[in-house]
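I would like the entire structure built from these sequences, with the hints used as guidance.
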Amino acid sequence: METDGLRKSIHNLGTIVTTSAVASQSEAMGAGLEQCVVGHPASVTIVTRDKSGGACKSGNAILSAEVFTPDGSIVDGEIVDHKNGTYEFVYIVPKEGDFSLALRLYDQHIKGSPFKLTITRVSEAEVEVSPSTTTATNSAANATPSTGSSEGAKRRGKSPGQKKKGSKRASSALGTPRRKTQNPIEDDLIFRIGTKGRNKGEFTNLQGVAASSTGRILIADSNNQCVQIFSNEGEFKSRFGVRGRSPGQLQRPTGVAVHPSGDIIIADYDNKWVSIFSCEGKFKAKLGSGRLMGPKGVSVDENGHVIVVDNKACTVFIFQLTGKLITKFGSRGNGDKQFAGPHFAAVNKNNEIIVTDFHNHSVKVFTPEGELVLKFGSNGEGNGQFNAPTGVAVDINGNIIVADWGNSRIQVFDGSGSFLSYINTSADPLYGPQGLALTSDGHVVVADSGNHCFKVYRYLQ
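In the UniProt record's numbering, the protein residues as written are 1 to 461.
Just so you know, not all the hints are guaranteed correct.
Subject to a maximum C-alpha distance of 25 Å in a straight line, what follows is the list of computed DMTMM-like cross-link-like pairs (lysine to aspartate or glutamate) [claimed, not checked]:
| id | residue 1 | residue 2 |
| --- | --- | --- |
| 1 | K349 | E369 |
| 2 | K200 | D270 |
| 3 | K349 | D395 |
Simulated DEER-style distance windows between Cβ atoms [unchecked claim]:
| id | residue 1 | residue 2 | range |
| --- | --- | --- | --- |
| 4 | M29 | G97 | 19 to 25 Å |
| 5 | S20 | K349 | 47 to 53 Å |
| 6 | E233 | S331 | 39 to 45 Å |
| 7 | N397 | N84 | 40 to 46 Å |
Derived by calculation from the structure, the hints in this document are not laboratory data.
Don't be surprised by glycine CBs; every beta carbon is placed ideally from N, CA and C.
Okay, here's the thing in structure tokens:
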């Protein structure tokens, strides 16, 4: 019968995802609409409803969230789909003032949107007495904090993240590194590059960072839909990328890596694929189309395989450069082999894959086959704890360097997950750091997303 043929055709096309959620009935709630503190994560829960006002029971709705500063710029945040009709939006604001939050479902404002936000500042004493009030809400996975290292458990003193309130410093001039001698406080900063904008050396929501063996720093400039390339000394070299949804175009580049062949690998979150470009920025191929839901971070293992961290699918994919899928592992949840909004990945000398598990506030290490080797970290502000980890890199000694997004700091661990130290960023505080990498001359480069710049720090290996 014709209907049988139609049914088979639809089945062969794949799964059709539908939702009954409508913007006019959906609503937001949570402390992030009421009590927002400078430099600390705030959380908003969005409950989707159908046209009759009934609660939706499934996810996959197209939801967007934007926090607008008084000057009209946008503060980046993270949306987590709990797959049960509810969503969580976590964000950090850099300064006091009156902000607004726009929550849209299928490009339509939900009930009450845009919301007015009043951002206040708390004293150091208040942060010390009640640190739990300033940490991010656990994800929909309802993550149980993972076991941290013994070193991290012993140290519960004031962490460097508590000293950083996200206050902005003046950005550097275009293409001119801001050198250490200008810092009023002794720290590890060598220079910073960038300001908010769309020209070369300017950024709008920079995300991933990579460093090549040839002395280049690559930045995924997400909202400018391009990749910018600099020397290790901060000199602008080139940029490439055209906005669009066709192969060879970029819609929301978030992760970037350099293949041993010299090719540049880019995770495109909105296009739901990974693009491969030559070192000159010429498009060569794409991989993962039809498999990936929201690729965030990319890395390359010792075999030249491409590792993709799918933030939406909560899965790590491993591809050959040809696009052939080798394996995948992970699902949504708070188990040892599960993730809640994973962000970036790095590979150590044992070819093990290190993944930052954002909403589970932990770092997990896996074999190439997906078997868990190590997990460390818990939710908090103490040494060895995380408030949503993002960027990750590994040094030649196997030490693991982690960007701690919610605490706006960079921590260093040994290969077994024991806390060693942190990079001193006090003079020019980070605000929501994203990707990071080790440069060929041994420095740490980090995307300081909230400050629209990247920073290069001294690092003693």
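Consistency of the hints with the structure:
1. K349 x E369: holds (16 Å)
2. K200 x D270: At roughly 23 Å apart (the allowed maximum being 25 Å), D270 and K200 satisfy the hint.
3. K349 x D395: Answer holds: K349 to D395 is near 9 Å, not above 25 Å.
4. M29 x G97: 19 to 25 Å: This hint holds: roughly 23 Å between Cβ atoms.
5. S20 x K349: 47 to 53 Å: This hint holds: roughly 50 Å between Cβ atoms.
6. E233 x S331: 39 to 45 Å: holds (43 Å)
7. N397 x N84: 40 to 46 Å: The hint (40 to 46 Å, Cβ to Cβ) holds, given that N397 and N84 are roughly 43 Å apart.
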